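K.L.:
Chain by chain, the residues run as shown.
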Amino acid sequence: MKIKVLFFAKARSLTGCSAHEFEVADGSCLHDLTTSIYTVFPELLSIGSTLLWAVNGKYSGQDQILSDLSEVACFPPVSGG
Amino acid sequence: MIRLTEDVINFEDVTNSVRDVRAGAVVLFLGTVREITGSDETSHLFYEAYPEMAIRCMHELADEAKQRFPIQAVAIVHRTGTLGPGDVSVAIAVSTPHRAQAFEAGQWLIDSLKERVPIWKQESYKDGRVDWVHPGLDAPAAGKEPS
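Protein sequences, first through last, are from chains B and A.
Under the numbering used here, the first residue of the first sequence carries the number 1, and numbering increases by one thereafter.
Under the numbering used here, the first residue of the second sequence carries the number 1001, and numbering increases by one thereafter.
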């Protein structure tokens, strides 16, 4: 299945794109997708331990199961205000 | 009133939106762009949001604040785009029966917004440096590659 991933702030600067589609096996969890993302964009590994993940607009853990309608977002710690 | 905007925040409207005859106190918090931080001089800030999630998170904060404090009404407006020194980046207004509750609720709301809501700022300094501000992620020193 195809999963659309959005990148924000420094994650967008490092990958050079605001969105990218990844192909993962049906039934994959966020961890599986994360592995694919780091393969395509190894630049992200420099901030990997600080990255936050959201699935369909909600903060999610690496065990979150994805579906082909999932929208995933990847971003560093927030700094609004 | 919960919204993101690219326009100047009309904080009088934000304040009026929470006024209520059951309230004895209204507190307005404004976040403004600071020009000097230590030895750094800020030229401008660029704010970016994940809009759908940011709006959802701000609604969740408002709901949670109402559970924690006796709030009559709450408003949260955050600006995105490029802002200069002195510009208002965020306005939070709360009304409560008594003043102590309004100050506490306002403090809790801005602290929680800064921890949870997916909005980021990129700081441009007058000496030409540009850094994303990500708490817990050290900005590289000028002229050095990120480690």
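The set of hints was computed from the structure by calculation and includes no laboratory data.
What you are looking at is a predicted structure, and each value in this text was computed from that prediction instead of being measured.
Each residue gets a CB set at the ideal place from its N, CA and C atoms; glycine is no exception.
Where hints are given, some of them may not hold.
Stated by the list, open to error - In silico DSS-like links for lysine-lysine, alpha-carbon gap of 30 Å or less: (1) A:1066 with B:4; (2) A:1114 with B:58; (3) B:58 with A:1066.
As the list claims (entries may be wrong) - Partial chain A-side listing against chain B, Cβ under 10 Å, derived: (4) 1027; (5) 1031; (6) 1052; (7) 1062; (8) 1066; (9) 1070; (10) 1098; (11) 1099; (12) 1116; (13) 1120.
K.L.:
Does the nearest C-beta of chain B fall within a distance shorter than 10 Å of the C-beta of residue 1062 of chain A?
P.N.:
At 15 Å from the nearest chain B Cβ, residue 1062 of chain A fails the 10 Å test, so the hint is violated.
K.L.:
Given the proposed pairing of residue 1066 of chain A with residue 4 of chain B, does the C-alpha separation stay at or below 30 Å?
P.N.:
Violated: residue 1066 of chain A and residue 4 of chain B sit about 35 Å apart, past 30 Å.
K.L.:
Checking hints one by one. Is residue 1027 of chain A an interface residue toward chain B, by the C-beta closer than 10 Å rule?
P.N.:
16 Å, violated
K.L.:
Under 10 Å is the threshold here; is the Cβ of residue 1031 of chain A close enough to any Cβ of chain B for the hint to stand?
P.N.:
Because about 5 Å separates residue 1031 of chain A from the closest Cβ in chain B, which is inside the 10 Å limit, the hint holds.
K.L.:
Grab the minimum C-beta distance from residue 1066 of chain A to chain B and call the hint holds if it beats 10 Å, violated otherwise.
P.N.:
Violated - the Cβ of residue 1066 of chain A stays beyond 10 Å from chain B, reaching only about 20 Å at its closest.
K.L.:
Can the hint on residue 1120 of chain A be confirmed by a CB-to-CB distance to chain B that is less than 10 Å?
P.N.:
Holds, because the Cβ-Cβ distance from residue 1120 of chain A to chain B comes to roughly 4 Å (cut-off 10 Å).
K.L.:
So, as I understand it, the hint says residue 1099 of chain A touches chain B; can you test that by seeing if any CB pair is closer than 10 Å?
P.N.:
With a closest approach of 23 Å, the residue 1099 of chain A hint is violated.
K.L.:
Does residue 1066 of chain A sit within 30 Å of residue 58 of chain B, going by the straight-line distance between their CA atoms?
P.N.:
21 Å, holds
K.L.:
Close enough to count: is the Cβ of residue 1070 of chain A nearer than 10 Å to one in chain B?
P.N.:
With a minimum Cβ separation of about 24 Å from chain B (threshold 10 Å), the hint on residue 1070 of chain A is violated.
K.L.:
Can residue 1052 of chain A be said to touch chain B, with a Cβ gap under 10 Å?
P.N.:
This interface hint holds because 5 Å falls under the 10 Å limit.
K.L.:
Between residue 1114 of chain A and residue 58 of chain B, is the straight-line Cα distance small enough, at 30 Å or below?
P.N.:
16 Å, holds
K.L.:
How about residue 1116 of chain A: closest beta carbon in chain B under 10 Å, or not?
P.N.:
7 Å, holds
In this structure, the earlier hints numbered 1, 4, 7, 8, 9, 10, 11 are contradicted, and the remaining ones agree with it.
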